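Each chain is listed here by its residues.
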Amino acid sequence: DTAVSQTPKYLVTQMGNDKSIKCEQNLGHDTMYWYKQDSKKFLKIMFSYNNKELIINETVPNRFSPKSPDKAHLNLHINSLELGDSAVYFCASSQVKRQGGEQFFGPGTRLTVL
Amino acid sequence: SQKIEQNSEALNIQEGKTATLTCNYTNYSPAYLQWYRQDPGRGPVFLLLIRENEKEKRKERLKVTFDTTLKQSLFHITASQPADSATYLCALRGAGSYQLTFGKGTKLSVIP
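Residue numbers (our numbering), protein chains in the order written: chain L, 1 to 114; chain H, 1001 to 1112.
No lab work stands behind these hints: they were computed from the structure. From a predicted model like this one, the values you see are computed outputs, not experimental measurements. Hints may be right or wrong, so weigh each one.
Claimed, not checked - Only some residues are given here: those of chain L computed to face chain H with a beta carbon under 7 Å:
{"id": "1", "residue": "Thr31"}
{"id": "2", "residue": "Ser48"}
{"id": "3", "residue": "Ile55"}
{"id": "4", "residue": "Ile56"}
{"id": "5", "residue": "Val96"}
{"id": "6", "residue": "Gly100"}
{"id": "7", "residue": "Gly101"}
{"id": "8", "residue": "Phe105"}
{"id": "9", "residue": "Gly106"}
{"id": "10", "residue": "Pro107"}
Don't be surprised by glycine CBs; every beta carbon is placed ideally from N, CA and C.
Take the sequences, apply the hints, and build the full model.
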């Protein structure tokens, strides 16, 4: 019974392609996040949704578009992939107000753009 | 701008010793400070949270301190074991904020 799951775990694709990463959480949390971890291991927030509403939208190229169909799912679609998009993408969830806001992370999706 | 510094990129210690990791921040008044562990190829895992009005928190062999005057948190692992080898991340959150800001992490290696 995985708490936060992501698919796929690995994604290898050519420049210019469009791809999606999916995330699901079964913790009943109201907030979900996408992070990018680059080759230097720095974890940077990209987006966050609270109850299906976009609440964090960091400076990210327009080619990245998140979508939250419901509180338990947050997907990330990337158009026209570039070499610099290669990284590990982590999904996370939290229940900010009830608890201390600690976040539960998925296993990551390693994206390689060739 | 807000800045979080974990002052060692890497720390090597002998098994059985206490590991002490440091997290310093500037231009920030966090209400919560959190520590996470990340193993290679895996997502970060939450370890401990400390609030701005708390000085110290413990959990088994882990201890976190939070000094809002010094703008610093110390993370201690006592009686360290090789299994404690991982990257440890410090993260800050403001009151009422949904956003966690992470430091770059310290890679801890416990040598048998």
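Quick rundown of the hints versus the structure:
no.: 1; hint: Thr31; verdict: holds (6 Å)
no.: 2; hint: Ser48; verdict: holds (6 Å)
no.: 3; hint: Ile55; verdict: holds (6 Å)
no.: 4; hint: Ile56; verdict: holds (6 Å)
no.: 5; hint: Val96; verdict: holds (5 Å)
no.: 6; hint: Gly100; verdict: holds (4 Å)
no.: 7; hint: Gly101; verdict: holds (5 Å)
no.: 8; hint: Phe105; verdict: holds (3 Å)
no.: 9; hint: Gly106; verdict: holds (6 Å)
no.: 10; hint: Pro107; verdict: holds (6 Å)
Checked against the numbered hints above, the structure breaks none of them.
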